[in-house]
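A.B. asks: Just so you know, the protein sequences line up as chains D and S, in that order. Going by the working numbering, the first sequence opens with residue 1, and the numbers climb by one from there. Going by the working numbering, the second sequence opens with residue 1, and the numbers climb by one from there.
None of these hints come from the bench; they were simulated from the model. There could be a bad hint or two in this list.
In silico DSS-like pairs for lysine-lysine, Cα to Cα no more than 25 Å straight-line [stated by the list, open to error]:
1. D/37 / S/123
2. S/123 / D/35
3. D/178 / D/132
Covered stretches of chain S, as calculated for chain D (at least 3 residues, CB under 8 Å) [unchecked claim]:
4. 45–57
5. 74–83
6. 238–251
Backbone N, C-alpha and C define an ideal beta-carbon position, used for all residues, glycine too.
Residues per chain, in single letters:
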Amino acid sequence: MQATSTAGPITTKKEFYAQFKKKSIAHELWLRFLKNKTAVIGLVIFCIIMAVAIAAPWLTSYDNVVVKMDIAARLQPPGMEHWFGTDELGRDILARIVYGARVSLLIGFSAIFVSLMVGLVLGGAAGYYGGKLDSVIMRAMDVFLSLPDVLLALAIIAAFGNTKLNLTIAIGLAFAPKFSRVVRSAVMGVRDNEYIEAARSIGALDSRIIARHVLPNCIGPIIVQVTLYVANAILTIAALSFIGLGIQPPTPEWGNMLASGRTYMRDFPHIVMAPGLAIFFTILALNLLGDGLRDTLDPRLKH
Amino acid sequence: MVRYIIRRLFELIPVILVLTFIVFTILSMTPGDATTIILGSDYTPELGAKLRVELGLDRSLFVQYFHYITNLVQGDFGMSYVTRAPVLDQLRPRLANTAWIVACAMFLCVSIGIPIGIRSATKPNSFFSQCAMVFGLMGVSMPIFWLGLLLILLFSVNLGWLPSSGMDHGVKSLILPAITLGFNYMANIMRTTRSSMMEAIRQDFIRTARAKGVSEHDVIYDHALGNALMPTITIIGMNVGTLLGGVVLTETVFSIPGMGRLLVEAINQRDTPCVLGTLVVMAICVAVSNLIVDLIYAYMDPRIRAQYGAKARQA
Numbered sequence: 001m002q003a004t005s006t007a008g009p010i011t012t013k014k015e016f017y018a019q020f021k022k023k024s025i026a027h028e029l030w031l032r033f034l035k036n037k038t039a040v041i042g043l044v045i046f047c048i049i050m051a052v053a054i055a056a057p058w059l060t061s062y063d064n065v066v067v068k069m070d071i072a073a074r075l076q077p078p079g080m081e082h083w084f085g086t087d088e089l090g091r092d093i094l095a096r097i098v099y100g101a102r103v104s105l106l107i108g109f110s111a112i113f114v115s116l117m118v119g120l121v122l123g124g125a126a127g128y129y130g131g132k133l134d135s136v137i138m139r140a141m142d143v144f145l146s147l148p149d150v151l152l153a154l155a156i157i158a159a160f161g162n163t164k165l166n167l168t169i170a171i172g173l174a175f176a177p178k179f180s181r182v183v184r185s186a187v188m189g190v191r192d193n194e195y196i197e198a199a200r201s202i203g204a205l206d207s208r209i210i211a212r213h214v215l216p217n218c219i220g221p222i223i224v225q226v227t228l229y230v231a232n233a234i235l236t237i238a239a240l241s242f243i244g245l246g247i248q249p250p251t252p253e254w255g256n257m258l259a260s261g262r263t264y265m266r267d268f269p270h271i272v273m274a275p276g277l278a279i280f281f282t283i284l285a286l287n288l289l290g291d292g293l294r295d296t297l298d299p300r301l302k303h
Numbered sequence: 001m002v003r004y005i006i007r008r009l010f011e012l013i014p015v016i017l018v019l020t021f022i023v024f025t026i027l028s029m030t031p032g033d034a035t036t037i038i039l040g041s042d043y044t045p046e047l048g049a050k051l052r053v054e055l056g057l058d059r060s061l062f063v064q065y066f067h068y069i070t071n072l073v074q075g076d077f078g079m080s081y082v083t084r085a086p087v088l089d090q091l092r093p094r095l096a097n098t099a100w101i102v103a104c105a106m107f108l109c110v111s112i113g114i115p116i117g118i119r120s121a122t123k124p125n126s127f128f129s130q131c132a133m134v135f136g137l138m139g140v141s142m143p144i145f146w147l148g149l150l151l152i153l154l155f156s157v158n159l160g161w162l163p164s165s166g167m168d169h170g171v172k173s174l175i176l177p178a179i180t181l182g183f184n185y186m187a188n189i190m191r192t193t194r195s196s197m198m199e200a201i202r203q204d205f206i207r208t209a210r211a212k213g214v215s216e217h218d219v220i221y222d223h224a225l226g227n228a229l230m231p232t233i234t235i236i237g238m239n240v241g242t243l244l245g246g247v248v249l250t251e252t253v254f255s256i257p258g259m260g261r262l263l264v265e266a267i268n269q270r271d272t273p274c275v276l277g278t279l280v281v282m283a284i285c286v287a288v289s290n291l292i293v294d295l296i297y298a299y300m301d302p303r304i305r306a307q308y309g310a311k312a313r314q315a
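Next up, chain S with everything else stripped away, as it sits in the complex (with noise of 0.2 Å):
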């Protein structure tokens, strides 16, 4: 196990790498010179051609991107155009803004979206059954940022409840957010729950556990939670992307200074590095996390921990 991480690991570098030159070359193709943003209104054509050189700017495009990843891995992010800082300052602070917010949406909808899939999965016909499934469709219909909009009247200007922005009250204000933001996903985990959880529960080895005698809460809680998690996690893993792009329209909508606001900031502004930057460390944050997802399916499943135990030892 421990060298199948390890190999995960390395792996993660090519596909780093590549997705930074991707980055990179797209936004490099950017129409226009970026001198003249930095210069404003001091550009001149001769200091112009001296800034080019300077930011190695006139360089090939593989020679540009090999000067980036090589200050990359040395934590610089390059400078930003606009404010003349280092990228990294500006986004330190706005990375652990970020950050709680998905940590706390992702916890919101696990440890609800999970037990009304399963819930509703062990009684399709009941009532409970009925409202989350049409809970369930109308998540996945909802456009986040109006959603936002939505709470925001509700609990901010009608009740007086919660904040309609910021980060100064401190978990009152990451509330909304993290239900904003989490919405969708929560619906989605929901869905999946359930469909998988109603497959798992028609198995042979379910009857055969309920004609032992198992009681009925063992039979779905032993039984049948571990293999119907499965899908679930597979789609708790592959939505953490869809997250980290939610948390652009989500922080737009409270105006919380994060990731997201950062990188719309900076394309009005068309601050490349800036953007660069941004997108890099969102890159890896989903790289990261869809790791940690197949390592926890990894040792979730024991079909899948032999098989890759055994290619383990092989390597």
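One chain only, chain D, in its complex shape (with noise of 0.2 Å):
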């Protein structure tokens, strides 16, 4: 941060922030979103848990705790030396649930950057060509969406198995359908703008005006479904593993964690609070950043 050229020194925190508002949107999209408490509250609590699950191995170590049974200790409840008990298996559920972090929060952006870029190319291409393409396309999405994309992934592990990879593009193209409705009603709603026929009228190619011009303004409604799908993507990867289709034990997941804790629940109900806690936590801070990341994006509020 430098200093302003214009004289006189600051004295007040507002005077402070005036001086920036000029010079960045991106400043003041960031004051605006600091205003919006409950999006602040979603995105500290999003923070801890990427902190959390970046530095897992600092924490906790995955082959001596994660994963070795110890069964003198199993079936703890919450105490000091466990803070979260211990499950059937006598191993440690915080350790498990941060290293489930990790596996939760790696697929679920995977699979939303998988869909996001099967979207942008085609609810790109939809939109800012519009016509036949727009209509064989969106077409085509439409059949799709008529499936519900956990019966969609589902078919597609089905078919291929349950890899981490397969799981990955399986979610990821289940909600590509969606991604490539928004992506499409973004472009359509910049692409009639007097900028876009300026750059078309001094020659530049579709390509550059998508890359360059379109789709940096239709950046906001993008971000802010990202964040809401990934929060989807997640309880997708934990409900296909609880189900018992998703990843396999003993890699830590909260929904498989849940699955093979349901049959202590009766005697240790423990052992399912704190995985469900996790999963619901880590949806209510996306939610969250969604909600308020969509009030501090939308246009229709800019002014």
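Hints are included, so try docking the two chains, each in its own frame, into the full complex.
C.D. replies: Laid out in structure tokens, this is it:
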């Protein structure tokens, strides 16, 4: 941050902020975002979960704690030694949740990356060119949309098996039609603007117009949807693992932790509490963040 | 209107054809040989080859699909690889269980979600409204399989009021699954009703109605509600598919023999005809319910009704 060239000392916080306001839209948006308290709470929770997931190898040992069985210590209630207790094989539940976060977040984000790529290409083309191409692509997407995303993912997994890569692709493709729609409507909102016409009139290629002028201007709604759909993707992974078709034990994943804990929950309810809370807070954080971003980036609220 | 319905019904045919084709293609890409699953330990290359010809698996994908679809039209879903019985016999009893759960969940959501949404929109700063918002946010963030487990812990294990699994206790055994399945949906409906109602209340015609001296109750229920319900109906329709996806989870949690369980079992046993049959039935259910929602939408909104009426006359 550099000082302003205009003279005069800055005395109040307001003046301090005022000098940045004119400089960058990003900063203005950030300040607006900070005013939304629930969104900030969402961001904070999400950052904590991210940090924990990234720092997992330094926090606990995968081989010695997360997957190693210790029958003597099985089904212990939460206490000083094991904050969230231990599971049916004597493994520390907290450590498994920490490593589970890595799996969920990694697959969640990669899956949405896959659907975003498909959505950008299909939705971008449909929205930008319109006409016949638009109706062909969107009709095809409508057909896909009429099959529930979980079922589409299940069909792909039924055919190809449930490796991590297949799960990512299955969930990614399952969400792709929704992204195509979002991208399409965002692109359609932008493509008739005068600056697009100006770019075209000076002879810019379509690819350049799309990449340099159209997409940067519809990034807002896309970011919002990414946030909300990552939540959905994480929920879908947990759901698939819960029914035994997702991540397989002993790899820790919140959904499969719930599934294996089910048998013991009557006598040891703690075993299903922590994994469920982990999913709940992650989804809640992303939903709060997504709603906050929508309020911040919604052009209708800009002026 | 009748012509519109008929046209929409015809439009459903290509959708169902393409849908079944997609599912059929995806599942036919399964690596490995189906005959090894059917024959199990009796498998020999000769027997396998004979069975492949018998089942038509040696033909091209399009021929196989054509056979499948011609059989499907006659109500033949093929033979299960595992039980060697017609898939339809497995589907029929399970479809009823699933239909009950979905219907109850839907009834619950609509009858609770919409009134809460309306009330919290008309008094947006009240304590009730704040609670409703928190409830709504929790609802959309709650993983339903975890909610199901929590409900079992509370109502079956601790209180002993309701059965934790199966369908043997009549209405009682439907309550927990319906709440579990419908929770997200209810929150969604509530949030949508609330926001569209708040938007409707701000419109000019509401101010006009109030200025005329219409009672507050009539303003809300006669003037605003009709407009506010349109987005809600869209959400109800859009989420029927999600609800059917949720059935898979709910039935797993409560060990209910329904379509969802059947699908999971069939995937685990690599019983492709059964997976295909279940997915096709679910896809048809979603397509039909989307059609019903569209029709309700067209019926509710006078603008759309007029537009479709005009279209139908032209057609």
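A.B. asks: Next, verify each hint and record whether it holds.
C.D. replies: Structure-based check of all given hints:
Restraint check for residue 37 of chain D and residue 123 of chain S: the C-alpha separation of about 22 Å stays at or below 25 Å, so the hint holds. Simply put, residue 123 of chain S and residue 35 of chain D have alpha-carbon atoms about 24 Å apart, close enough for the 25 Å limit, and the pair holds. Proposed proximity of residue 178 of chain D and residue 132 of chain D is supported: the alpha carbons are some 20 Å apart, at most 25 Å. For the stretch 45–57 of chain S, the stated coverage by chain D is not satisfied: 0 residues place a CB nearer than 8 Å to a CB of that chain, which falls below the threshold of 3.
Coverage of the stretch 74–83 of chain S by chain D is violated. Counting CB-CB distances below 8 Å, 0 residues qualify, and the rule asks for three or more. For the stretch 238–251 of chain S, the stated coverage by chain D is satisfied: 7 residues place a CB nearer than 8 Å to a CB of that chain, which reaches the threshold of 3.
Comparing the model with each earlier hint shows violations of hints 4 and 5; every other hint is respected.
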